[in-house]
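> Please construct the entire structure, taking both the sequences and the accompanying hints into account.
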Amino acid sequence: MSFFTVFLLAVALSMDAFAVALASGCAIREVRLRQYVRVSVAFGFFQFFMPVLGWFLGQSVHHFIEAWDHWLAFVLLAWIGGNMLRSGIGGLRQGEPVSCPQSDPTAGWNLLLLAVATSIDALAVGLTFAMTNTNAFLPSCLIGVVCAAISACGLFLGKKLSSLPMLNGWAEVLGGVVLLGIGLNILHESGVI
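Take the sequence shown: its letters are residues -23 to -1, 1 to 170, numbered as in mature numbering (1 follows the signal peptide of the UniProt record, and there is no 0).
For the record, the hints were derived by calculation from the structure and aren't laboratory data. Heads up, a few of these hints could be off.
Stated by the list, open to error - Computed beta-carbon distance windows for the label pairs: (1) M108 - A(-12): 17 to 25 Å; (2) N110 - R11: 35 to 43 Å; (3) V154 - N110: 39 to 47 Å; (4) F(-20) - L90: 30 to 38 Å; (5) G168 - A84: 33 to 41 Å; (6) M(-9) - G168: 17 to 25 Å; (7) S140 - N110: 45 to 53 Å; (8) G35 - L134: 32 to 40 Å; (9) V169 - G59: 14 to 22 Å; (10) G158 - A84: 20 to 28 Å; (11) S140 - T111: 25 to 33 Å; (12) I66 - R6: 16 to 24 Å; (13) W48 - G85: 31 to 39 Å; (14) F33 - S(-22): 17 to 25 Å.
Here the structure is a predicted model, which is why all the values come from computation and not from measurement. Each residue gets a CB set at the ideal place from its N, CA and C atoms; glycine is no exception.
Right, here's the structure in full:
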């Protein structure tokens, strides 16, 4: 595979991570350097790791993984998005600002689940690498680096968007809707809905 082809693949694989980072940036009060680092490292690592894992799993389990990967991604995104919606709507009903969720989507289990959910499609890419006898390590490194950079940009843009007056107080609700939308889109692209 050429460098340009792998780069385009990396950008395409990073779009879910970008959207999730954008939603996370909208949902938190203040984005600090440690959050940029956590999001970039987590999303970049899993976008690197999943193609390598897929390559090792190879063609023998391709059909098994393909049958449920979209459901796993949907459940993870829907769970976190639903929690953000519940927290956001609850805050709106009580008249509280919603721009700071009770659980930081850039930390702990939330971040881990988001990173895994947005990188499941990269597992399929790794399976493709195995089926085409392509060494997965160098392309996976590029995919991880590109995803890390794009995720940081998403977090930055999300924070900028959350400061717009029309989004004030609705950022966490918007973030939850975006995550649910990504999950539904994954199901749609897989032909389930």
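> Looking back at the numbered hints, which does the structure fail to meet, lowest number first?
11, 13
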